[in-house]
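Chemist: Just need the whole structure built from these sequences, with the hints factored in.
Letter by letter, the chains look like this.
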Amino acid sequence: MKYRTMLCLIVGFVACVSSAVSAENVYVDGIDAAFPPFSFIDESGEPAGFDVDVIRWIAEEMGFVLEIVPIDWDAIIPTLTSGNIDLIASGMTITAARSERVAFTDPYWMIDLAVVVRQTEDAEGEPDPELTLFTAMQPGRRIGVQRGTTSQDWLEENVVGVGIGIELVLYENFLLALEDLLIGRLDGAVMDEPTARSGIAGRPLAIVGTINTGEIYGYAVRKEDTEFLTLLNEGLRRIQATSLWDELVAKWLVGV
Amino acid sequence: MTYLPALIESVPELWKGLLLTLRLVAVSAPAGLAVGIVLGLTQVYGNLFFGGLAAGFQLTVRGVPLIVQLFILYYGLPHVGITMTPFVAATLGFTLCSGAYHSQYIRGAILSIPDGQMDAGRAMGMGLLQTVRSIILPQVFRRALPGCSNEIVYLIKYSSLAYLVTLVDLTGQGRLIAYESFRFLETFFVVGLVYLVLVTLATSVLRAIERRLHIPPA
Amino acid sequence: MVWNALPTFFRGAAVTLALAVSSVAVGMLLGIPIGIGHVCASRPVRTMLWSFDRVFRGFPAIVLLFLAFFGASGLPGVRIPPFAAVVIALGLRSAAYQGQIYRGALAMVERGQVEAARALGFSMPRTMWHVQLPQAARFSLPSLSNEYSVVLKDTALAFTVGVVDLMSRAKFLAMRSREILAAYLLVAVFYFVLTYAGIGLFRLVERSVAIPGLGRHGTRRIG
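Chains as they are written, first to last, in the working numbering: chain V, 1 to 256; chain Y, 1 to 218; chain F, 1 to 223.
Quick caveat, the hints were computed from the structure, so don't treat them as lab data. Ideal Cβ placement from N, Cα and C applies to all residues, glycine included. Among the clues, some could well be false.
Partial list, computed: chain V residues near chain Y (C-beta under 7 Å) [stated by the list, open to error]:
#1 78
#2 160
#3 163
#4 167
#5 183
Modeler: Set out below in structure tokens:
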């Protein structure tokens, strides 16, 4: 019994220590595991998506070792500031509030928010969204968003905050909100537009409107990591000058 | 500490969360106990089929994490046509999980009562149900109480998982507040303290009940 | 698509098992002295232990996890990896529970034996080491197997701080394949097997150290 305990302790300690000891030049990228097409985990358990492909190219080009780790989105910034990850490359919108905590690279993409509702077929078999953008934002409607996102912020400020009594339901990720929308527990969901298009593919859902927030994405690093930030910006500049950038955009971001 | 004003501001939200937690516990605790009694009785006195079913159920529920059960109930079941509101899913999950554990305490308590009592009851012409109800059960309550109290305290703590099915309970509010204020340490410490207070209150009440029911040895 | 993900589930299961075993080990390492302390220590020490016990058995596991993981975010230069944060949080919690287990187990050792040992000239520490602990160890086994199953199920919370364990694998699969029910039923099976295999192992150990004829004196903590 004593030996077993010893063995367990050794295993435990080695595991802890090995994960604590970071090799030279290894940077850990925290991603949202369910945010297609920018970052997600595929069937074989590997990270995939536009941001994943781009950051991997940048890592190789600029000469650093990259490790990608999925993190719960609403805790991702403290995870960065506490040092558990070094970078967030996962469709993160640059906002004033966030800029107080972290440093962002140059913007690399722009999106709007989309409002998604269920869709049925009308008498002619034509797709027919159940609600319009207007009727979805009425008092009593249940609208789902992901915790810790600009969608949550926008709705809190511009709908709930001005007194329109929608019920804002918070999910761990947008895909779960879409699941509940399909089931009927929600009347609508709001999320970044590319994710909306990815999520509604092949399902009876429709985008009935976009909220033109014109949000820009950037990578986030800790404020004190100025060299790393310069490195990343240079990497972004380089990849955007290649044809690979257009290929990746075409692969992931156009007409999902 | 500059956190204090922020904390005071968030009291209304935390209070809302606390109320939801209390509602969840108020429903799940008695329901779980009831389920536990039924399961415990079935395992001891039931025939092979029902007894086996109860045993299998409790083994399964006790072998699978509560989060998985909650996810299956809330996100999984709709795929086979059973959809429930977040509150129902959460209370159902807590009740079943709690009930499975209660059933073990009840079962142990029943088994600890000498067979002679059951025999005596039957010999006097009382049916099984009547013997159980009048002779066995009252003693079972007293014996199972420590274990069952323990389980109720556990319930208060694992009700914190309700946020996983979109319910914004005390923990859920804590997360929101921490996200906005970026004060993770302080917020969760406060949240934890509130749970500690709840747990302490519950323990005191349950211990008082134990003392009231206690029969001193001859 | 669900079946293709099976290898990832095994990887996740390995992580989950490592988390559980490490946490129980930490709990044991700390819990044994705590249990002894509950019984033998001086008043001030016992009060400290009581406070530790209250906090770690009163806070929900998920709150402890968040505190351990984000606890360092205030301190510059200190970094706690997710795996370590989980082991610290669950380990300390287990230590509190195991402290109670060992305290109860020590109480089950017959007073007579302790008195006899003292009468024969054994000092307190020696009595503890040679007489009380070996027997208490045997009495604590049933409760320990229960503690293992509780810790194993609590590790399912580790995904909230970024550990890629069994639960994470299930979520990835559920989101990617949209087969939510299948993914979670599969992971339920995995946890079921891990739990009862572990309990079975404890049962084997119990049987191998049992002294025939010496009953368990009602040590069976139910459930």
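Chemist: Hints first: check each against the structure and report whether it holds.
Modeler: So, going through the hints one by one against the coordinates:
1. Against a cut-off of 7 Å between C-beta atoms, the interface hint on residue 78 of chain V holds, since the closest Cβ of chain Y lies about 5 Å away.
2. The restraint placing residue 160 of chain V at the interface with chain Y is violated, with a minimum CB-CB distance near 13 Å, outside the 7 Å limit.
3. Checking residue 163 of chain V against chain Y: minimum C-beta separation of about 17 Å lies over 7 Å; hint violated.
4. Taking 7 Å as the C-beta contact cut-off toward chain Y, the hint placing residue 167 of chain V at the interface is violated, the least distance being around 11 Å.
5. With a cut of 7 Å, the hint placing residue 183 of chain V at the interface with chain Y holds, because the nearest CB-to-CB distance is about 4 Å.
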